[in-house]
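Read top to bottom, the protein sequences are chains Z, R, U and L. Residues 1 to 208 (UniProt numbering) make up the first sequence, in order. Residues 1 to 208 (UniProt numbering) make up the second sequence, in order. Residues 1 to 234 (UniProt numbering) make up the third sequence, in order. Residues 1 to 234 (UniProt numbering) make up the fourth sequence, in order.
Hint data in this document are derived by calculation from the structure and do not stem from the laboratory. Incorrect hints may appear among the rest.
[To be verified] Computed far set for chain U versus chain L, every beta-carbon distance over 10 Å:
no. : residue
1   : D18
2   : V41
3   : T120
4   : K132
5   : V167
[Stated by the list, open to error] As a list, the in silico DSS-like pairs of lysine-lysine whose alpha-carbon atoms are at most 30 Å apart:
no. : chain 1 : residue 1 : chain 2 : residue 2
6   : Z       : K39       : U       : K230
7   : U       : K159      : U       : K135
8   : L       : K135      : R       : K164
9   : R       : K164      : L       : K3
10  : U       : K135      : L       : K135
11  : L       : K135      : L       : K3
[Unchecked claim] Beyond 10 Å from chain L on every Cβ pair, some chain U residues (computed):
no. : residue
12  : D47
13  : E93
14  : S113
15  : H203
16  : Q216
17  : T228
18  : R231
All residues carry an ideal CB built from backbone N, CA and C; glycine is no exception.
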Amino acid sequence: MPWDRNQMAARAAQELEDGWYVNLGIGIPTLVANYVGDKDITLQSENGMLGMGPFPYEGEEDPDLINAGKQTITELARTSYFDSATSFGMIRGGKIAAAILGAMEVAENGDLANWMIPGKLIKGMGGAMDLVAGVGKVIVVMDHTNKHGDSKVLKACTLPLTGKGVVDRIITNLGVLDVVDGGLKIVETAEGVSAEDLRAATAATIVD
Amino acid sequence: MPWDRNQMAARAAQELEDGWYVNLGIGIPTLVANYVGDKDITLQSENGMLGMGPFPYEGEEDPDLINAGKQTITELARTSYFDSATSFGMIRGGKIAAAILGAMEVAENGDLANWMIPGKLIKGMGGAMDLVAGVGKVIVVMDHTNKHGDSKVLKACTLPLTGKGVVDRIITNLGVLDVVDGGLKIVETAEGVSAEDLRAATAATIVD
Amino acid sequence: MKKVYGSAAEALDGLLHDGMLIAAGGFGLCGIPELLIDAVVESGVKDLTVASNNCGVDGFGLGKLLDTKQIKKMMSSYVGENAEFMRQYLSGELELEFNPQGTLAERMRAGGSGIPGFYTKTGVGTVIAEGKEVKNWAGEDYILEEGIFADLSIVKAWKADDTGNLVFRKTARNFNPPAAMCGKVCVVEVEEIVPRGSLDPDHIHLPGIYVHRIIQGEHEKRIEQRTTRKREDA
Amino acid sequence: MKKVYGSAAEALDGLLHDGMLIAAGGFGLCGIPELLIDAVVESGVKDLTVASNNCGVDGFGLGKLLDTKQIKKMMSSYVGENAEFMRQYLSGELELEFNPQGTLAERMRAGGSGIPGFYTKTGVGTVIAEGKEVKNWAGEDYILEEGIFADLSIVKAWKADDTGNLVFRKTARNFNPPAAMCGKVCVVEVEEIVPRGSLDPDHIHLPGIYVHRIIQGEHEKRIEQRTTRKREDA
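Taking the hints into account, I'd like the entire structure generated from these sequences.
Structure, rendered in structure tokens:
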């Protein structure tokens with residue numbers, strides 16, 4: 001059976017190592033925070049915060065304290081605040097060990113597209129282009145296929161890119177794939193999903 | 001009679017306008033602070049401070065509070081501290097209205113030399129190159145001649161430059177000169193010093 | 001030098017002209033200069049180019065300047081859920097120069113720091129790189145991005161002293177310091193003006209040298225996404 | 001992740017090698033990493049390149065590393081009154097790359113911020129510009145300066161929490177934050193390590209993400225130019 005959103009988030013959390021500073025994107029990546037367990041992980045919010053805490057209790061929302069998804073959040077004992085130039089300085093400067101991001105499309109060469117669909121949806125890249133260019137490891141978490149059942153893991157992206165050759169690892173509801181020379185390598189599959197199933201659902205080249 | 005050091009500093013202080021943020025170099029420029037009177041002047045120390053106060057009372061020296069000349073100083077009610085990158089950001093960014101600096105040589109085209117004498121004295125440029133490149137107005141305060149009686153106000157500098165075409169006004173013990181098209185223009189002379197005297201002591205071209 | 005003004009309109013007096021470039025602080029609706037935006041709306045100044053990460057939401061923040069069609073061009077990283085922003089852009093009424101968020105912040109800081117251009121890896125191989133100079137260091141391509149030099153900065157801080165020293169609060173700091181730096185003139189609105197000497201000089205987030213005019217006022221501080229968790233039963 | 005170490009020697013264990021590039025904070029003798037410098041001296045590591053505004057004074061601070069001939073090259077803005085520094089340079093024993101002070105600070109910040117190069121007006125028309133690329137904006141020439149990427153940063157702060165969040169005191173901040181940013185590894189010495197949560201998160205000068213190892217110790221904090229004024233009679 002394919003992984004659900006929480007299982008994908010739990011799998012992604014396994015990628016994180018003790019002591020890492022990590023940036024989590026909007027959507028499923030946000031759920032990763034629930035699965036880091038005992039590991040000492042500091043979450044960055046690129047609007048100017050390290051040490052992002054959970055959502056506030058009702059009635060304790062602070063309009064001056066939001067994350068990059070504009071959600072109200074809280075601070076922790078380790079928290080620090082800084083301006084946007086400093087925040088992206090640490091991102092571009094490689095100080096963030098990993099970013100876990102959603103995607104519209106990923107290609108076998110590591111290309112990532114997640115900010116616009118020409119003529120239809122103009123979301124904007126926000127901080128995603130900076131993140132994929134700067135952080136140590138880029139992990140994409142997304143459904144393997146779109147709502148029409150088409151693979152989002154492609155030979156080449158069709159949408160405008162967020163970054164070229166930037167993705168290291170792809171975690172979908174069907175399994176885990178690494179970007180390697182010549183294509184994608186299956187690292188593992190979800191319980192009950194065979195390597196065959198994963199290949200069949202994937203438009204990209206799978207290498208051994 | 002030529003101006004003494006304090007008179008030169010007092011004359012330089014007249015250049016400063018209410019509300020200005022100003023950087024004062026080492027030597028005679030430091031004395032300018034004593035002559036700003038009622039004007040609201042904020043002094044920058046380029047090692048990371050705005051709102052530089054006077055020297056501390058004896059026994060109140062703080063090793064964590066020095067100016068760019070490494071002298072112990074004090075803070076004021078308006079003081080702020082920041083790092084060196086920010087400090088020179090405001091200098092390069094043109095936020096400092098004026099710098100008053102000493103010089104070894106000044107040329108009629110505004111060239112300034114004040115950081116080394118090849119083979120003899122290697123002082124280093126410190127922040128002077130940044131200041132002359134970035135601030136609104138560069139005012140040089142120095143003796144008109146060196147200890148051999150030679151003019152320090154030249155047709156062209158002979159020493160390695162601190163900045164090219166950067167000086168706006170020169171205040172010496174003999175008078176005040178502006179850098180204009182074609183040479184230097186006499187703005188005023190010290191009491192008892194004639195324009196003739198000033199011309200005679202100056203190697204640079206004087207224009208009317 | 002008196003920096004404190006009585007109202008947003010007074011503080012902007014003489015600073016606005018059609019076709020100007022304004023840098024605005026804030027991220028989403030957090031730390032935005034609400035009062036100054038309202039005064040820009042009321043001034044009727046038009047053909048503005050606005051450098052700001054977002055453009056507010058429909059009907060609030062910079063979104064108000066979209067409603068009145070006072071903005072000709074946005075320099076932003078995010079359109080997001082602002083329907084009017086997307087509509088004006090897709091219909092060709094509004095120009096939009098996309099800037100990756102970090103590039104936008106750094107371009108503002110650069111403009112305010114006398115740096116006309118810098119190289120970054122961000123956007124290499126994407127539409128952002130089109131038409132930009134490329135330079136290679138150690139086998140990697142970087143693109144040249146330029147400093148932003150704004151005619152005016154409008155900024156929101158938490159507290160100011162009367163010399164313009166500013167302190168921000170939590171994530172409301174965001175783009176405010178870099179936006180403040182890059183303006184020829186910077187006008188700031190704060191929640192409280194305090195006497196000089198009452199802010200710790202070690203903890204000034206933005207020194208008064210960057211700040212030309214200050215007003216104090218009431219802020220709505222609207223929350224865009226109110227997310228909470230339930231209190232667990234004790 | 002434990003960042004707190006017992007001594008300077010422990011904190012530097014495994015990080016030193018001959019020929020490495022070290023970025024050091026401090027200005028003059030103010031805010032210099034005294035304890036870490038002593039440990040570098042004791043380690044005997046040699047052929048160092050050191051990026052630091054000054055090189056201490058004769059026999060104190062980085063001057064100690066000149067005495068032991070462990071430094072091959074300095075990247076600095078100021079030689080000043082350090083006689084041994086000038087002697088080694090003039091005799092050809094020591095390489096010296098002059099950097100204008102602001103260029104040095106910005107090069108460190110750039111290196112730590114993923115910016116391999118930036119343009120500045122500083123040094124145009126001087127020896128500093130020799131061999132550097134020039135680019136013109138609006139009729140003015142600017143030279144290309146490169147980010148500094150150090151193998152190790154050694155830094156002095158006032159206080160740290162155990163996650164490495166740092167606070168500096170007065171003008172002892174100076175080059176410490178940019179020096180800290182540009183190192184692959186950053187080791188910090190402080191006067192006091194405090195529990196996490198005791199530093200105001202709005203007033204962290206340098207977030208712990210830049211800091212890998214921390215030690216606490218006693219500092220001599222020598223004063224270079226003791227200048228005072230007399231108390232006027234009351």
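| request: Hints the structure violates: just list their numbers, smallest first. | output: Violated: hints 3, 5, 7, 9, 11, 14 and 15.
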